[in-house]
Every structure is written in structure tokens, then in C-alpha cells.
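Based on these hints, arrange chain B on the given structure of chain A.
So the chains spell out like this:
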Amino acid sequence: MKNVISVSGITKTYNPKTIPVHALQGVDLEIEQGEFTALVGPSGSGKTTLLNIIGGLDEATEGTVIINDQDITKLSDGQLIQFRKEHIGFVFQAYNLIPVLTAKENVEFVMLLQGRSQAERNKRVNELMAAVGLSDKMNNRPSQLSGGQQQRVAVARALAPKPTFILADEPTANLDSKSTANLLDMMAELNKQENITFVFSTHDQRVIDRARRVVTLEDGKIVSDDHRDV
Amino acid sequence: MLFKVSWRNIWRNRTRSFVVIGAIVVGVWAVIFMIAFTMGIVESYVSSAIENDISHIQVHHPKFKDEKEVKFYLNDIGTLVSNVEQQANVKVATQRTLSNGMLSTSKGARGVQIRGIDPTKEAVVTKFDKKVIEGDYFGKAKKNPIIISKRLADKMKVKIRSKVVVTFQTLEGDITTAAFRVVGLYRTQNSTFDDMNIYVQQTDLNRLLGGESIGHEIAMLIEDTEQLESTQAALKAMFPKQLVENYREISPDVNLYETQIQMSTTIIMVIVMLALVFGIINTMLMAVLERVRELGMLMAVGMRRLQVFSMIMLETIFLGLIGAPIGLLVGYLTVVYFGKNGINLSAYSSGMQKFGIEEIVYPALESGVYFQLAAAVVITAILGALYPAWKAIRLKPVEAIHKI
Chain A
1 MKNVISVSGI TKTYNPKTIP VHALQGVDLE IEQGEFTALV GPSGSGKTTL LNIIGGLDEA
61 TEGTVIINDQ DITKLSDGQL IQFRKEHIGF VFQAYNLIPV LTAKENVEFV MLLQGRSQAE
121 RNKRVNELMA AVGLSDKMNN RPSQLSGGQQ QRVAVARALA PKPTFILADE PTANLDSKST
181 ANLLDMMAEL NKQENITFVF STHDQRVIDR ARRVVTLEDG KIVSDDHRDV
Chain B
1001 MLFKVSWRNI WRNRTRSFVV IGAIVVGVWA VIFMIAFTMG IVESYVSSAI ENDISHIQVH
1061 HPKFKDEKEV KFYLNDIGTL VSNVEQQANV KVATQRTLSN GMLSTSKGAR GVQIRGIDPT
1121 KEAVVTKFDK KVIEGDYFGK AKKNPIIISK RLADKMKVKI RSKVVVTFQT LEGDITTAAF
1181 RVVGLYRTQN STFDDMNIYV QQTDLNRLLG GESIGHEIAM LIEDTEQLES TQAALKAMFP
1241 KQLVENYREI SPDVNLYETQ IQMSTTIIMV IVMLALVFGI INTMLMAVLE RVRELGMLMA
1301 VGMRRLQVFS MIMLETIFLG LIGAPIGLLV GYLTVVYFGK NGINLSAYSS GMQKFGIEEI
1361 VYPALESGVY FQLAAAVVIT AILGALYPAW KAIRLKPVEA IHKI
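Residue numbers (the working numbering), protein chains in the order written: chain A, 1 to 230; chain B, 1001 to 1404.
Excised from the complex, chain A in its bound form (with noise of 0.2 Å):
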């Protein structure tokens, strides 16, 4: 399989001229097409750290990260943005819908940004909205809809410009058992059937029992990766 995201040697350091935190020591890491993969550890340990570096959303002090054949550590803050545009899909763990759109309205959002047309923007959001059951929901807004609704939404807007991977920080932290239950159905199923690359990074238990390769970081580096058949 090939390797859509390559970590190598990463390092990061917050404050580095007065308290240094050394966030992350040498992070080396693969992750390969279709993997469904958790990134886990204790608080500090530097899994959402590694997370918004891989997304492009902060910087590493050291190393490189590869990303389709591409080094993103070269890449302007412009260049950044139209990468994390068409290759990253983010789900957050408040969700983070737009208030004043519909759920159709959000996941459109995305595709909005990329210049799509207006039929190919509606073809993508009415199957995004069936793979994530809520076809009857398309015109609500996030504040009629519940948690775990909402995170369904952030999961087809993550989705909706075809993205290389997604990246999902503690997507289940504010879903009640049920809900989170539901979600990871609906990711999993993603996962098997379009071969869709998934990384979390969390805490929770059921997300890490339903992932088939887990990461482990303690104090910045990683301490153990356990692949598995789930």
C-alpha cells in the first residue's frame, strides 16, 4: 500500500527561547492508504500536536512531513492553505459547523471554497448526506440538530472535497455513548468501503477499539504502534 503520510524526524518546541516544552521528540511515522489509525496517549503527550502538524496547521521545528509525495514543511502559508484545501479533511471535536448555515449549506461549504459547480456540489452533498444518514436533516441548522448529528455533519463536510485522508482531533469527546457508537459505524464504513484514510487522535476507549492501528505517544515520542485486525 501506498504511504500517504510520512513523518520523519519531528520535532516540536513550544516557547523555545524562554520555558522550552518540547512537545515532540523525533516522531517518526507512516501512515498507509485506507488505514484507520488512533492516535492515543495521556494528556501533553503530543498526539494533537502531531495531529495539527501532519494537517498543516502548525509548524514542526525539525523534520519532515510528506504528504502525497509532497514535503508540506516546504510549503508557503498560502500554498499551506490551498493543500489543506483539496488533500485534508478536519473534524473537530466541538464540530465547529458554521451557526448560520444548514447542514447541506456546510457541507457544501468546502466544495464552495474549491470553485466546484453547482450540480456537482449538490450530486456530492446529497450522497455525503445519505452516508451519513441524514438525508431528512439537510436543511437544519446546526443549532436544531443534536451532538451527535452535528458531528456527522463536520464527518460529510470533512469528506465533501474528496480528500486524501481525514484527521479527526477527539472526534467522539462531547458524543454520548449511543451517538459515538453511531459515528464510528458511519466512519468505519467509510473507511471499508470507499478506502478512506482515518487518523484520531483521542482518548476515548471505543474509538480506540475499533481502530486497527494504534499509535502511542508519551512525553513527545512514540512508545508503541500495534497493528491489529478488528
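Because the hints were derived from the structure by calculation, they are not lab data. Given the structure is predicted, the values throughout are model-derived calculations rather than measurements. Hints may be right or wrong, so weigh each one.
[What the hints assert, rightly or not] Only part of the chain A face toward chain B is listed, based on derived beta-carbon distances under 7 Å: (1) Asn52; (2) Val100; (3) Met129; (4) Leu190.
Glycine included, C-beta positions come from ideal geometry on N, C-alpha and C.
Only chain B this time, still in chain A's reference frame:
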């Protein structure tokens, strides 16, 4: 989509948006009303000066303006007036003989300007007959009739039919004294003018001065004030040796008022717009700061900084585009209403009359000011949005997303 998001964003917090829109409406209305009111006062002052005293254009001997001596007169003034009235755009013209002198009664004496007028023409040019509030105009034949102001009459304890003595210099330079009979009392809206001017018939004054066909002033009203300068130019060509001036040149204070209004209009506009700028900055900054996480997400998923910047700018411009037309409409209706019915300032009239301003002020505003104001609001909205928008694009997505 950017328009849609921006438009919906402004209704996220309706109360706050309505406060900003309300501030814009009140600000625009206040500017319109204040400018219109000030213009109404200036109009009142200018029209009062034109109607009571100076008319639109005057012709004098070139030295009369500076030295005010009776010897600097216009000869054969009746013919000159006839010629003036033949000129295009001249509505009506009258002639005056002017002399400085002393008005004396048993109670005292005061320095005055004696205005020898043609009663018929003066009634047309300055409607002076309408300002006579007691007694008669010069209609009934009496020897040496005189009309003085009510204010002056009260100060000098003079009544209708009282005899007063007027002393002045003749064309020969001799001092002469003549007795006049008070036939009427007048009042204009300008109390200073009233204190200083007494009216006699030109024929009487000319006889006493020693020059039957002389006069010092030709005053005229014109049909179209837009053509003031071209009419003045034509008259200058007609009287190359005389001094032909329009009302702004004759009375620099009128010109000063008109210039002043433009300056104060700008100052008022700038002050109100500055207040609006700070209001908008405050509101939009709040709108940005409470959406930090959302803005971070937008940038994370691929929204360029320019698009985020434009979104904030659009939100502010929308607020301006809602508030400004309402403010303009309310302002316009206020000006139309008070322009028709006037604002009664009789409580302050004694002070105002000293400056030649009438008791009832009719606010007026040129249409150009509305356009200037509309542009000013849009510019204000843009200026007010700059800092919050800049603040928004300075956010780092990675920090903004995790902001609580």
C-alpha cells in the same frame, strides 16, 4: 456564499446588529437635521439680508463704498434704473439716496443712516411697506414724512405723528437740519438694522441735499439667482465706471456664513462619523472575538485570509447599507416636514434677531449632501471594519480552533 454567510452572520446577534443599525440611523439623521437646520438659519440670514437691505446686486459710485460720503453719488439715477430694468434676468430695481446723520428728539439723539427711497419701488424690492407695523407707509401726502423702527421709537420715546429732527451734510458739505413727521413704525427681523436705519422719501432727501436727480444706490432683485454672476457681469459692462457688486461682495458676512456652513457641515459629518467608526469597531471586534474558533475552522478548511477579511468587511458594509438608507429617509422626511412647517424659535428670537435671523427657521438641504452622507457612511463602515477584519486574519488556525 461569502455574501450569504456575511448576511446571515449579522443576524446572529440581532440586538447587537440593531444597536449598530440604530446608531447609524440616528447618526445619519442627526447629521442631516443639524446641517439642514444650520442651512435654514443661514438661508434665513441671507434672505433676510437680501430682502431687507442689500438685494441681489447693487450699483454704487466706486468711492461711496469706502468713504460713505454723500458727494459720491450716481447722477441721473432715474435713467440708470430704467436701463437696469431693461437688462435680462433683472426682476425689479430701485434707487436710494443714502446719508449718515443724526436723529434727534426731545429725549436725545442717535446716529442713523437716512435712507431716501422711492416708496413704490422699495415696496416691490424689499417689501418694506409690509414691515410697517404701525401708522402708514408713505402713501398719504404729508410734508417730510419719516418712518423709523419700532425699536428706535421706543428707545427715543417717539410715537406716530411725533416730530423728529434729522441732521446731515448736504452735497456742498454744509450741515443741514430738517424736521420730519413720523408716519409709520417698521420692524424687520434684524434688530441691529432696525436700530440704525430710518426711511424718508427720496424726493425729500434729495431736495434737502441739494441734488434733485441724484442717488447713491441702485438695488435690484434678479429672477434666477443661479445667474447672479452673469447678470453682474452684464451690468458691469453697462456701468464700466461704477461699482457693481453682488450680495456676497456687498456683505462679506453673508459670504462668511455660506463658507462657514460648508465648513461646519464637514466638521459635523466628521464628528458623527468618527463616533460611528468607534461604535462599529467595538461591535465588529466583539463579533470577531466571539467567533474565534469558527474563524480558525474556516481557515483550517481552506478559506483564504482575504476571504475571511472580505467576510468581516461585508458584514459591516451590510450594517451600513441597512442603516444609511433608513437614516437618510428619516432625515429627508424630517427636513421635508420642518422645511414646510418651520421650527419656531421664538423663545430665542430676541438674540437671533440681532443677527438678522427670523423666528421661524425652515431647514433646507441640497440633494448633494444626501449623497455625500451615504458615501461617508459606507466609508465609515469600511474604516470601522478594517481593524476587526485585520484582527480576524491575524488569528492562527491552530490556536483559534482550540480556543474555548
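Against the structure, the hints:
1. A least Cβ separation of about 5 Å between asparagine 52/A and chain B falls short of the 7 Å threshold, and the interface hint therefore holds.
2. Here the hint on valine 100/A is kept, as its CB sits about 4 Å from the closest CB of chain B, short of 7 Å.
3. Interface restraint check: methionine 129/A against chain B, minimum CB-CB distance 18 Å, threshold 7 Å, status violated.
4. Hint on leucine 190/A is violated. Least Cβ distance to chain B is approximately 18 Å, over the 7 Å limit.
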